[in-house]
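Read off the chains here:
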Amino acid sequence: KQEVTQIPAALSVPEGENLVLNCSFTDSAIYNLQWFRQDPGKGLTSLLLIQSSQREQTSGRLNASLDKSSGRSTLYIAASQPGDSATYLCAVNPNQGGKLIFGQGTELSVKP
Amino acid sequence: NAGVMQNPRHLVRRRGQEARLRCSPMKGHSHVYWYRQLPEEGLKFMVYLQKENIIDESGMPKERFSAEFPKEGPSILRIQQVVRGDSAAYFCASSPEGPARDPLHFGNGTRLTVT
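So the sequences go chain by chain: A and B. Just add 913 to wherever you are in the first sequence, counting from 1, and you've got my numbering. Just add 18 to wherever you are in the second sequence, counting from 1, and you've got my numbering.
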């Protein structure tokens, strides 16, 4: 059974710091992995989608990497800003279906 | 291009009543997904629909819950005879093609409270 874990559960950093969020999954047979952010009381915003054949994806200050064999993905945020404060979720797609399996999220707080 | 629209944003129902949650996917998207976020729990998959077809309903409770995505109009998640344990945030997502190729785009959710 696929399980997704995100560590740490919460993270507080000063503005300007580079940071890494971690996501691990128990079954390496995934089709793709997606990173989202969720603001309080809001829905999810898609940040990056990595297909299983890819090693990383970049968008602006965000870089996501995928190591399928070790069951890990990281989300790197460069030069963090207070506006980055949110909960970050990773989700794996175990096959080509619509059933994403989510981690519990990392709650990020960036202090001015 | 408007995002995924869900309504109502908040819904209060008494135990035993019916709840209807609506989701209009992004323009050009024919794949719809429903997820539920219970308090203190992560997001859990409920059902995946394509126009007029249920593709995967493995996450739906066996009783009281149903979903549809008709040829015309929004997707509807229906909960009959609600109980307190149904209180949660219900999120709808959509994608233009299947989930294998495209990222899922989520709406802002409907927060259901059962009193």
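Note that these hints are calculated values from the structure, not bench results. Treat the hints loosely; a few may be bogus.
[Said to hold, decoys possible] Computed footprint of chain B on chain A, listed as stretches where at least three residues anywhere in the stretch have a Cβ under 8 angstroms from a Cβ of chain B: (1) 934-940; (2) 976-984.
[Stated by the list, open to error] Once the Cα atoms are required to be at most 30 angstroms apart in a straight line, the calculated DSS-like pairs of lysine-lysine come out as: (3) 955(A) to 69(B); (4) 955(A) to 89(B); (5) 914(A) to 80(B).
Positions of the beta carbon are idealized from the N, C-alpha and C atoms, including for glycine.
Status of each hint after checking the structure:
Here's how the region 934-940 of chain A fares: 0 of its residues keep a CB closer than 8 angstroms to some CB of chain B, so the rule of at least three is not met and the hint is violated. With 0 residues having a beta carbon nearer than 8 angstroms to a beta carbon of chain B, the region 976-984 of chain A misses the requirement of three or more and the stated coverage is violated. Taking the CA atoms of residue 955(A) and residue 69(B), the gap is about 26 angstroms. The hint holds against a cut of 30 angstroms. Proximity of residue 955(A) to residue 89(B) is assessed by CA-CA distance (about 28 angstroms); at most 30 angstroms being required, the pair is judged to hold.
Among the hinted pairs, residue 914(A) with residue 80(B) is consistent with the structure: their alpha-carbon atoms are about 21 angstroms apart, no more than 30 angstroms.
The earlier numbered hints that this structure contradicts are 1, 2.
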